[in-house]
Each structure stands twice: as structure tokens, then as C-alpha cells.
Amino acid sequence: ITFRLRYLSYFRIFSGSTRSSKRPSEEMSAGPGFVGIKFCPECNNMLYPKEDKENRQLMYACRNCDHKQVSE
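Residue numbers (this note's numbering): 30 to 101.
Derived from the structure by calculation, the hints contain no laboratory data. Incorrect hints may appear among the rest.
[Unchecked claim] Think about it this way: if two alpha-carbon atoms lie no more than 27 Å apart in a straight line, the pair counts; the simulated DSS-like pairs of lysine-lysine are: (1) 67 with 97; (2) 67 with 79; (3) 82 with 97; (4) 79 with 97; (5) 82 with 67.
[Said to hold, decoys possible] Cβ-Cβ distance ranges computed for the label pairs, FRET-style: (6) 72 with 99: 17 to 23 Å; (7) 93 with 65: 16 to 22 Å; (8) 83 with 63: 29 to 35 Å; (9) 63 with 87: 16 to 22 Å; (10) 63 with 95: 17 to 23 Å; (11) 64 with 92: 17 to 23 Å; (12) 92 with 65: 17 to 23 Å; (13) 63 with 84: 15 to 21 Å.
Cβ coordinates follow ideal geometry from the N, Cα and C atoms, glycine included.
Please put together the full structure from these sequences, using the hints given.
So, in C-alpha cells, the structure goes:
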């Protein structure tokens, strides 16, 4: 019974049964939208956001090859 309740609550959350009254175009323009994923030019792994505390700027760093670049 607990599995069924868990499944039903999951289904309710992700099925879109709680629809908003806004049109899809209004919902899309409300937030920042798709930001995108940055990839390392050296090894093609994903770049992760990292703070440069000395210069107070956002950097993107590769966890594989230690490549870093300033956020645009």
C-alpha cells in the first residue's frame, strides 16, 4: 500500500495535474529560461560553476583537467 501511495503522489506531482491558469508562453518568460550547459574545450567534460573569492567573479571549472574560464 505504501508503494501505491508513493506512486500516486509522484504521478500527481509530475503528471501536470496541477495546471496553472497561465499560457505556456507566459510561464516560459517568467523565469530565466534554459541557461545551458558549458563544456570544457580541452576534454569535453561538463564545466561547473565556481566562485573566485579573491576577484569576486564567477568562474567555470572542469573537474577532470582543471581548466577554468570566466563566466560570460
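Structure-based check of all given hints:
A distance of roughly 11 Å separates the Cα atoms of residue 67 and residue 97; the hinted pair therefore holds under the 27 Å criterion. Of the supplied pair hints, the one linking residue 67 and residue 79 holds, its CA atoms being roughly 13 Å apart against a limit of 27 Å. At roughly 14 Å between alpha-carbon atoms, residue 82 and residue 97 fall within 27 Å of each other, so this suggested pair holds. Note on residue 79 and residue 97: the hinted pairing holds, with a Cα-Cα distance of about 9 Å set against a maximum of 27 Å.
Note on residue 82 and residue 67: the hinted pairing holds, with a Cα-Cα distance of about 21 Å set against a maximum of 27 Å. In this structure, residue 72 and residue 99 meet the distance hint of 17 to 23 Å, their C-beta atoms being roughly 19 Å apart. As the Cβ distance of residue 93 to residue 65 is approximately 19 Å, the hint placing it in 16 to 22 Å holds. Under the hint 29 to 35 Å, the C-beta atoms of residue 83 and residue 63, about 31 Å apart, fit the expected range.
For residue 63 paired with residue 87, a C-beta distance near 18 Å keeps the hint of 16 to 22 Å intact. The beta-carbon spacing between residue 63 and residue 95, approximately 27 Å, falls outside the hinted interval of 17 to 23 Å. The hinted range of 17 to 23 Å is satisfied by residue 64 and residue 92, whose Cβ atoms lie roughly 19 Å apart. Distance hint for residue 92 and residue 65: a CB-CB separation of about 18 Å, consistent with the stated range 17 to 23 Å.
For residue 63 and residue 84, the Cβ-Cβ distance of about 28 Å falls outside the hinted range of 15 to 21 Å, so the restraint is violated.
In summary, the numbered hints that this structure violates are 10 and 13.
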